[in-house]
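Can you build the whole structure from these sequences, using the hints too?
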Amino acid sequence: MSFDEVFDVIVIGAGHAGCEAASAAARLGSQTALVTLSLDMIGQMSCNPAVGGIAKGHLVREIDALGGIMGRVIDRTGIQFRLLNRSRGPAVQSPRAQADRSLYRTEMRLMLEATPNLHLRQGLVIDLITEGGHIRGVELQDTRRLRADAVVIATGTFLNGLIHTGKRTYKAGRAGEPASTELAESLKRLGFPVGRLKTGTPPRLDGRTIDWDVFEPQPADQRPVPFSFSTDDIPQPQITCYIGYTTENVHDTIRANIHESPLYSGQIKGVGPRYCPSIEDKVVKFPDKTRHQLFLEPEGHNTYEVYLNGFSTSLPSELQQELVHKIPGLDEAKIIRPGYAIEYDFVDPRELTPFLQTTRLKGLFLAGQINGTTGYEEAACQGLIAGINASMYVQEREFLRLKRDNSYIGVLIDDLISQGVDEPYRMFTSRAEHRLSLRYDTADSRLSPIGREIGLVGDSEWERFNTRRQHISNIRATLETTRFKRSDSEYQDIARLVGRDLGDSISLGQLSFYPQISASTVFKLLPASLKESSTLAELETALADLLYHGYIKNQLQSYERVNSHDAVTIPSRFNYRNIKGLSNEMVERLERNQPESFGQARKIPGLTPAAISLLLFSLRVHKTQ
Amino acid sequence: MEVSDAIVALSTPPGRSGIGLIRLSGARSLELVRNLLKDSDFSPEPRRATLKALRDPRDGQVLDQSLVTYFKAPFSFTGEDVVEISCHGSPPLLLGVVDALLFYGARTALPGEFTMRALSNGRLNLAQAEAVRDMIEAQTHAAVRQAARQLGGELSSRLQPLKDSLIEIIVPLESSLEFVEDDLPEDITRDVALKLSRLAARAQELADTFDHGRLLKEGLRVTLVGRPNVGKSSLFNKLLLSERAIVTDIPGTTRDTLNEVINIQNVPVLITDTAGVRASADAIEQLGIERTRRAVVDADLVLVVIDGSQPLTEEDRQVLDEAANNRLVIALNKSDLESFRSDSPLQKANGVKVVPVSAKTGTGLDSLRAAIMEPFSSGDFHESSFVITSARHYDLLRRTADSINSAGHSLSKRSSEEIILADLYNALRFLGEITGETTPEDVLTEIFSTFCIGK
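So the sequences go chain by chain: W and R. Here the first sequence stands for residues 36 to 660, numbered as in our numbering. Here the second sequence stands for residues 726 to 1180, numbered as in our numbering.
Hints in this document: simulated from the structure, not taken from any laboratory. Among the clues, some could well be false.
To give an idea of the chain W side of the interface with chain R (calculated C-beta under 10 Å), a few residues [stated by the list, open to error]:
#: 1; residue: Gly305
#: 2; residue: Arg309
#: 3; residue: Tyr310
So the derived label-pair ranges between C-beta atoms look like this [unchecked claim]:
#: 4; chain 1: W; residue 1: Gly230; chain 2: R; residue 2: Leu818; range: 25 to 33 Å
#: 5; chain 1: R; residue 1: Leu919; chain 2: W; residue 2: Gly230; range: 43 to 51 Å
#: 6; chain 1: R; residue 1: Glu1047; chain 2: W; residue 2: Asp523; range: 34 to 42 Å
#: 7; chain 1: W; residue 1: Asp366; chain 2: R; residue 2: Thr1170; range: 50 to 58 Å
#: 8; chain 1: W; residue 1: Gln356; chain 2: R; residue 2: Leu919; range: 31 to 39 Å
Covered stretches of chain R (in silico footprint by chain W; criterion: 3 or more residues with CB under 8 Å from a CB of chain W, positions within the stretch not fixed) [as the list claims (entries may be wrong)]:
#: 9; region: 901-909
#: 10; region: 1129-1142
Cβ atoms here follow ideal geometry from the backbone N, Cα and C, with glycine treated the same way.
Have a look at this one:
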């Protein structure tokens, strides 16, 4: 077997998962090839040119804390930053930013090109080269063969991609880009269980033809909150997005032409995400809604292209244009790219270990949409873990596994590998039973030490981390020790603000619980030395820690409720598969977690009460034999 | 452990009786029984009893004529193939049949194993499996009826509306948090405070039925106390309608505490008769006295027996003092005697019920039984009410109510939704521990069918 080039790790696909994977593996010291169909499309956002949002913003922060790159790229290219849920508690606040789509690509490529050990290669992978259950490399369409003992497949929607616009279908990985069919067939030949999913995208408009006055502006935040812990501020100019609505007229036309929709004509086989419905879906499922919300999102400072968010569709192009013209403010608007639906192959993620390695082929890792997820952030975090572990694999180091109780990344991977997917998986905060502990501002305390240990968090980031944590710790202490007595000058002012008597003395921490006292007010009340060295963000984290402390403790206590059988031990090679009535899913959770006692076992998330009872009974039977 | 074994067990209690029932469950059941019958063509119609001869495996001799009933999977108690063999209730015979089946390859079932298989094959849910056990352990008709209701799925069906209401509250709260950029209807979290307090009340109400349910299942403990020779043992026996204790004129004759269960208004009542209270040097008697003290402490109600035909003595007062911390009913005994005074000073004693009785003639016993039950039969509980009978269920329902109340409290403090939701998810988990879990997927499904989400 001869090879044209030899690497340690090969990453197939330069989307959000692929870029994270390649960057991580390279920075961990592995010679890494990033193979992509088109070098110009590195880091392309296929759909909504935005990063973050509830839960997704949390993922980006976690990627950044671990040493990944998405956070930095969006910070440099974001053109409208907003912090969501500002009025609510910090556990559910999350940053979101619209990006300049082409700038994002440029920035991502710059970052990759500046990464040592990382080698960009343009080419189409048509086959995997294997030997005795191990991956050995890849074969490209132009006959080149690349060698590596670890390969990460991050092909997004390209595997057997099929685009639908009205009745027209054609093979493509994305509009204007070819599909990857041979690799898809390779995977099937190797025995991987493959399914079909779908997703859609809305039309893009010519901004010059839009009547902007009709729409409601949604400006950027005054004080943009960055994604990356390494970003101090966001200097680039921000834009405004606009909010509009469809009308009954639009809905009627859609209904009259519903048979033209590939979804409703049965033409599309794949399952789409419930939370990213096409406009046809919305109109059919919620017929009583007289209008559906739309967002006009300019795609950059240097283009007039506008993304019509909320209008995902696969109706025929002419019909799309007709519909757009019925939207108030878009009467003259021209579509420059029509919307479409795309179907693609995915591999059942239950094939994967918690390290994202396939059980079928050693050294092969899968990351991103190929595992049934949707969203750039969901893909990127998998890419990061897969890239890290691919490098660990070739270096024969210990794999990295994140748990559900310390990161959303852990929740995502655990959900995927234990439950599989029925529809494209997107992260929601409600998926995390430990939501109160997984705040976006604690990503660093949870994950940076891990990132440092594996070697992805550099010296300057580590120093920033330690400084921030030190400040927060000092503030925490001060919140308790700083007290205001009736005799103090500040007391009267504060009491007036709150509107009630505050007792003989009150600590700064207790004061912060009153809704009338904002974080900035608390900041002003800090001792001078702290005020100088700390930031408002650090104070906000300290305050949030205080706020949630009691609730988290409470929650942990209820999880910890003692069961009389907790001490029953589980032998080390206990065979869960023998327990009749235990579903595969439960068996896998148990095998993966390897609990040592019944007490540990019953705390495994996702274990049903029936499964717990069956386990206990089997343990007792086992003991009597 | 090979779990696809055929398991066998004697289903009727050990000992002699007219009929004994042996039950076999597992895929090989029919095959094993064919061996037992030495009839390889035996292909019975399911659920029809067939008369067949059971044969000794060693020499083919007929052991007994039996009724064999075959239940074909999945339509059986366990969900597997089941064969039930009814034969004469002679212990050696039954043992012989079980041995023969073991010989042919069955395995002795472990305690509860049939029920466990029913659970794993989905023939029963958790609450129902518990009900099977309750049914077997039931001591009164009402308890049987209660277990039957739970077995019939009534607990689950009572909890489902609670769960549904909880999810109904969770959905808008979760949506407003997670889908903050979507065009949700105004004010979807209006009325949440009211809904929460109503829901908590419902959960607590269901939990509170345990007061009565517990009695149904565990019964009431009533301890009889009184100085020697007031007629405690006679009264005890009368309540039992049978002779149990030794009755003589010598004080201190009842040396031990005696326990017996009777049925009052369908509640099993454990009556404990105690030794006559008397300072005594006798060691055995002291032991009895110690037991007496314990029986008083453990009692739900203390029945103080006083001789109404004599004036109140110092010892009587001592007895009353000792029992002062308990719920009390005073049985004024010997109402059949001339010297009986029903208008004794006790009548005026603070709210304590005094019932004149005669252990000899049986007068006043109905009133006494009613007086014993009265403090416990608050509310309209009769046999048609559903009650919680398990301490585990009570605990979980109470925690559910507490969690919901805690959520309501957070709401009134204007806490952010994720804090309120944390308590609501706790409540869901507690409910789920009784009948089955609600996953984040379930909540998401509800959200997407309620609101149009998605940009």
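Each hint, compared with the structure:
1. Gly305: Because about 17 Å separates Gly305 (chain W) from the closest Cβ in chain R, which is outside the 10 Å limit, the hint is violated.
2. Arg309: Holds, about 4 Å.
3. Tyr310: With Cβ-Cβ at 5 Å, under 10 Å, it holds.
4. W:Gly230 - R:Leu818: 25 to 33 Å: violated, 59 Å
5. R:Leu919 - W:Gly230: 43 to 51 Å: For Gly230 (chain W) against Leu919 (chain R), whose Cβ atoms are near 45 Å apart, the range 43 to 51 Å holds.
6. R:Glu1047 - W:Asp523: 34 to 42 Å: violated, 60 Å
7. W:Asp366 - R:Thr1170: 50 to 58 Å: violated, 38 Å
8. W:Gln356 - R:Leu919: 31 to 39 Å: Between Gln356 (chain W) and Leu919 (chain R), where Cβ atoms are some 49 Å apart, the hint is violated.
9. 901-909: As far as the region 901-909 of chain R goes, the hint holds, because 7 residues have Cβ atoms under 8 Å from chain W.
10. 1129-1142: Since three or more residues must qualify, the claim that chain W covers the region 1129-1142 of chain R holds, with 4 doing so at under 8 Å.
The structure fails hints 1, 4, 6, 7 and 8 (numbered hints given earlier, in ascending order).
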